[in-house]
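Visitor: First to last, the protein sequences are chains A and B.
Its first residue numbered 1, the first sequence is counted upward by one per residue in the working numbering.
Its first residue numbered 1001, the second sequence is counted upward by one per residue in the working numbering.
Everything labelled a hint here was simulated from the structure, so no lab data went into it.
All values derive from a computational prediction rather than experimental measurement.
A portion of the hints provided could be inaccurate.
[What the hints assert, rightly or not] In silico SDA-like links for lysine to any residue, alpha-carbon gap of 20 Å or less:
hint, chain 1, residue 1, chain 2, residue 2
1, B, K1062, A, R62
2, B, K1061, A, A59
3, B, K1062, B, L1030
4, B, K1062, A, P131
5, B, K1062, A, R58
6, B, K1061, A, R58
7, B, K1061, A, R62
8, B, K1062, A, A59
[Claimed, not checked] Pair ranges (Cβ atoms, derived):
hint, chain 1, residue 1, chain 2, residue 2, range
9, B, L1094, A, P72, 56 to 64 Å
10, B, F1055, A, L129, 47 to 55 Å
11, A, R61, B, I1124, 21 to 29 Å
12, B, S1127, A, A59, 24 to 32 Å
13, B, F1055, A, R61, 29 to 37 Å
14, A, A104, B, L1074, 40 to 48 Å
15, A, V26, B, L1074, 32 to 40 Å
16, A, A105, B, R1009, 43 to 51 Å
17, B, R1009, A, K118, 18 to 26 Å
18, A, M94, B, V1092, 27 to 35 Å
For glycine and all other residues, C-beta sits at the position ideal for the given N, C-alpha and C.
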Amino acid sequence: MALATPALGTVIGVVHLRRRGRVRDVGGERLTGADLREELGERVTLVQFSTAFCQPCRATRRILSDVSTLVPGVRHVEIDAESRLDLVRRLNIMRTPTVLVLDAAGAVVKRASGRPRKADVLAAVADALPPG
Amino acid sequence: MPADPRALRFGAAVTTLVLASVLVTESPWLLAAQAVVFALGVARRSPYVVLFKAFVTSTPKKTEDPRPPRFAQLVGLVFAVTGLAGYLTGTVPLALAATAAALLAAFLDAAFGFCLGCEIYLLIRRSTPAANMEVSQ
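Isolated chain A (complex conformation) (with noise of 0.2 Å):
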């Protein structure tokens, strides 16, 4: 036992670091302006999730923020899931940070959970930007 645990936990280890925000094309909801207590982006909202017990949460406000003066139209809402678990819910979150990836009209269409990469952000960012 003494054993199998840190083997056991190699295996969890090794098998979050993989998926570790990882960027997934997802479907299906759309927020509004009033779920989020928040005027949606002009172009693109990314919508992070956070906790006070989380330690990424802070890299991924950072990374995120960056996104959002670096592309115009662009805007960064963090919510604290612990006061909004009606979204929790709805949005089946599961842990923080995760960050929802949303187009002008709030449709959902990208989701990572996890500190996402800078780099993967601006590329779901481009995605989510409307055609022209």
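Let chain A serve as the given structure and place chain B on it in line with the hints.
Guide: Same frame as chain A, but now just chain B:
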């Protein structure tokens, strides 16, 4: 006061060794000692961190919010107390399972910097009854 992540990581490594020793020796006393360390950690007085700071005096390049690691120490304390309850009542499988759970969390923190307690925090909050009292807009 912000926390020194190097000291926390060192603490997680020592905790891993201690908990692995508990599984090998099945010593309730060692687990009790670790439970005291967890309790001190919740109070931000972890002896492992004190030990680290006695040897490493340089200032860390990065600091951390102290709340997540404190919460993790609380999770460790809950596991350790559960384990002790197992030993006290003669339910050795419970003692071993709780110790192994704490070991898993400490190992993930030490080896990967991955805070298991922090990850499950939202899951716990999602399912607590108090959450249902919230007014949906």
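Visitor: Please go over all the hints and tell whether each is borne out by the structure.
Guide: Evaluated hints:
1. For the suggested pair K1062 (chain B) and R62 (chain A), the alpha carbons sit about 15 Å apart, so the restraint of at most 20 Å is met.
2. With a CA separation close to 15 Å, the supplied pair K1061 (chain B) and A59 (chain A) stays within the 20 Å bound.
3. For the suggested pair K1062 (chain B) and L1030 (chain B), the alpha carbons sit about 33 Å apart, so the restraint of at most 20 Å is broken.
4. For a cut-off of 20 Å, the pair hint linking K1062 (chain B) to P131 (chain A) is broken: about 41 Å separates their Cα positions.
5. For the given pair, K1062 (chain B) sits about 12 Å from R58 (chain A) by alpha-carbon distance, which is consistent with the 20 Å threshold.
6. At roughly 16 Å between alpha-carbon atoms, K1061 (chain B) and R58 (chain A) fall within 20 Å of each other, so this suggested pair holds.
7. A hinted pair counts as satisfied when its Cα atoms are at most 20 Å apart, and K1061 (chain B) with R62 (chain A) qualifies at roughly 17 Å.
8. Among the hinted pairs, K1062 (chain B) with A59 (chain A) is consistent with the structure: their alpha-carbon atoms are about 12 Å apart, no more than 20 Å.
9. Distance hint check: the CB atoms of L1094 (chain B) and P72 (chain A) are about 58 Å apart, consistent with the given range 56 to 64 Å.
10. For the hinted restraint 47 to 55 Å between F1055 (chain B) and L129 (chain A), the CB-CB distance of approximately 52 Å keeps it satisfied.
11. Between R61 (chain A) and I1124 (chain B) the beta carbon distance is about 23 Å. The supplied range of 21 to 29 Å therefore holds.
12. For S1127 (chain B) and A59 (chain A), the hinted distance range of 24 to 32 Å is satisfied, since their beta carbons lie about 27 Å from each other.
13. Distance hint for F1055 (chain B) and R61 (chain A): a CB-CB separation of about 33 Å, consistent with the stated range 29 to 37 Å.
14. For A104 (chain A) and L1074 (chain B), the Cβ-Cβ distance of about 43 Å falls inside the hinted range of 40 to 48 Å, so the restraint holds.
15. At roughly 34 Å, the beta-carbon separation of V26 (chain A) and L1074 (chain B) lies within the given 32 to 40 Å, and the hint holds.
16. For the pair A105 (chain A) and R1009 (chain B), the beta carbons lie near 44 Å from each other, so the given range of 43 to 51 Å is met.
17. Between R1009 (chain B) and K118 (chain A) the CB atoms are about 25 Å apart, so this pair conforms to the stated range of 18 to 26 Å.
18. Roughly 33 Å separates the CB atoms of M94 (chain A) and V1092 (chain B), a value that falls within the hinted 27 to 35 Å.
When held up to the earlier numbered hints, the structure conflicts with 3, 4 and fits the remainder.
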